[in-house]
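With this note's numbering applied, the sequence shown corresponds to residues 46 to 592, in that order.
The set of hints was computed from the structure by calculation and includes no laboratory data.
It cannot be assumed that every hint is accurate.
Unchecked claim - Cross-link-like lysine to aspartate or glutamate pairs, in silico, EDC-like; alpha carbons within 16 angstroms at most:
hint: 1; residue 1: Lys-374; residue 2: Glu-358
hint: 2; residue 1: Lys-224; residue 2: Asp-507
hint: 3; residue 1: Lys-550; residue 2: Asp-531
hint: 4; residue 1: Lys-293; residue 2: Asp-304
hint: 5; residue 1: Lys-212; residue 2: Glu-182
hint: 6; residue 1: Lys-224; residue 2: Glu-409
hint: 7; residue 1: Lys-213; residue 2: Glu-195
hint: 8; residue 1: Lys-69; residue 2: Asp-100
Please read these numbers as outputs of a predicted model, since none were measured by experiment.
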Amino acid sequence: MLSDQRTPLGVITHGSLEGGLQMKLDRAESVEDVTNGSLVVVGGARYDFFAMVKDVRIEAANEEILLHPPAAENDLLRKVMRGQGTYATLDLQPMLMAPQGGDAEHDEPQSVKTIPSHFSTVSLASEDDVARIFGAEANTDEDGRQRFFEIGQPREMEDLPVCLDLKKFVERSNAVFGKTGTGKSFLTRLLLCGLIQSGRAVNLVFDMHGEYGMGTNKETDAADGGEHVPGLKKLFRSKVSIFSLDPKATRERSGQSPDFPVYLYADQVQPSDILLLQDTLNLNDTAADSCYALQNRHGERWLLELLDTDDDEIDALADSVGAHTGSMKALKRKFGRLMQEDFFRAESSDDKQDVTQALMACIEDGTSVVFEFGGHKDISTYLLVANIITRQIRAEYEAKAIEEAHKFLTPTIARETSFGKIAREMRKYFVSLLVVDQRPSAIDDEVLSQIGTKIVAQLSDDKDLSAALVGTRDSAALRQILASLDSKQQALLMGHAPPMPMAIKTRTYGPDFFEALRAGGPGNGLSGAPQDDAAMDAEMDEFFGRG
Numbered sequence: 046m047l048s049d050q051r052t053p054l055g056v057i058t059h060g061s062l063e064g065g066l067q068m069k070l071d072r073a074e075s076v077e078d079v080t081n082g083s084l085v086v087v088g089g090a091r092y093d094f095f096a097m098v099k100d101v102r103i104e105a106a107n108e109e110i111l112l113h114p115p116a117a118e119n120d121l122l123r124k125v126m127r128g129q130g131t132y133a134t135l136d137l138q139p140m141l142m143a144p145q146g147g148d149a150e151h152d153e154p155q156s157v158k159t160i161p162s163h164f165s166t167v168s169l170a171s172e173d174d175v176a177r178i179f180g181a182e183a184n185t186d187e188d189g190r191q192r193f194f195e196i197g198q199p200r201e202m203e204d205l206p207v208c209l210d211l212k213k214f215v216e217r218s219n220a221v222f223g224k225t226g227t228g229k230s231f232l233t234r235l236l237l238c239g240l241i242q243s244g245r246a247v248n249l250v251f252d253m254h255g256e257y258g259m260g261t262n263k264e265t266d267a268a269d270g271g272e273h274v275p276g277l278k279k280l281f282r283s284k285v286s287i288f289s290l291d292p293k294a295t296r297e298r299s300g301q302s303p304d305f306p307v308y309l310y311a312d313q314v315q316p317s318d319i320l321l322l323q324d325t326l327n328l329n330d331t332a333a334d335s336c337y338a339l340q341n342r343h344g345e346r347w348l349l350e351l352l353d354t355d356d357d358e359i360d361a362l363a364d365s366v367g368a369h370t371g372s373m374k375a376l377k378r379k380f381g382r383l384m385q386e387d388f389f390r391a392e393s394s395d396d397k398q399d400v401t402q403a404l405m406a407c408i409e410d411g412t413s414v415v416f417e418f419g420g421h422k423d424i425s426t427y428l429l430v431a432n433i434i435t436r437q438i439r440a441e442y443e444a445k446a447i448e449e450a451h452k453f454l455t456p457t458i459a460r461e462t463s464f465g466k467i468a469r470e471m472r473k474y475f476v477s478l479l480v481v482d483q484r485p486s487a488i489d490d491e492v493l494s495q496i497g498t499k500i501v502a503q504l505s506d507d508k509d510l511s512a513a514l515v516g517t518r519d520s521a522a523l524r525q526i527l528a529s530l531d532s533k534q535q536a537l538l539m540g541h542a543p544p545m546p547m548a549i550k551t552r553t554y555g556p557d558f559f560e561a562l563r564a565g566g567p568g569n570g571l572s573g574a575p576q577d578d579a580a581m582d583a584e585m586d587e588f589f590g591r592g
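Go ahead and model the full structure; you've got the sequences and the hints to work with.
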């Protein structure tokens, strides 16, 4: 059955369930108008088959034609031959099938179990087809909650919204991959906006570059060329809190103080946190053993005891806990660098504001948290701070995003950090990761295998391409699509949440998007609270310099 909204492209000529389908392009259609990754619908006798274009070829019915091609100026002969003597074929990979004439809202497409017959009509997918596969923002759960969030449109098919099933998205850990400059941060902001607006997840974002909280004054890779890029705090106000390891940098960049300045105290550090820094701090195994020896003797105050001990008394401290004197001295020297950090306090956390309790209070209240590192760019700072926090709260919040994820999820580190444990074990506690990175090949294989939904922008390195496709079906065809992505605002959506892979042009993070958020209703608007139109217009003018 052919929908009135569909544009016919051709007919099926060959195919198999395992190898896919082949179609002949209609002579009226230009082969240059069809790209790999396009979504097409094959109208069978009983089912509609939703397929992805995986290859495009030009053919000739007779080799003699190719030996004596028509001259460039003989346009009439070329037109006569097109579609008869010469023609184009498309290789299609059926992904889903759905009964014709059924209830489109309730009869969800299923995996492909058969194929259509010869000469079945192939058409470009219509808006109804895209909505049937990927859902529509207007569709809600049984309890009336928003389930679908528009993330973009099919590549080369404008004005057909592709939605992400947020309910499925938060069921597993997920990833956004793409090389530098492809717009990963913009795409991640879109996802976080969808999660916050829908209330599907409370997010803890470890923000290495100050991109997600208050926003940035200028981003040279902005998809729309915009000068100002508002962050989550600007958009959702009371629904987002900023925790900053560097309050001064936050104030200088945004003109506003963070909601919570972050300080870490010596008695909050455990030996397991130090083990993560073995490589970066050049600690040997004996030094690690010394940490546990100190903890066995002094409990939570083990690091305080070490830092408070004068250099000439280290020998006595080592003897008292049964540790190697040289290793104990090396351990204290290494911690000298930590003591120079302005966020670290070599004192007890008693009667001090506990950052973990403050984080948990926000999360339990449904407030997402952006944790900014400010000017602290050292890898050991990232690892130590992030692991201390996630170690204490990983079982109690719903979703967490990590920027520069390979720093936390390398094969060596992932087995020890809370991030690796979350990716492997925490689904049953409704805890998941949103991994954002430019080098998927640097992430532990076991962590990669646990990722449910992947949104992959352009990648250049073969190892990164292979890593991004770990655990996916039809990886050869998907690899070709990845190779054809533009460097801006294009990505391949695949995995657990989308019913089938789809090459998309991602939604622009700009005025139109914020107007759509604004229309989300009271409590789901830009600030998280109802506002009159005049106040909201003023806020939009502030964001984009309009007026």
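Numbers of the earlier hints that this structure fails to satisfy, in rising order: 6
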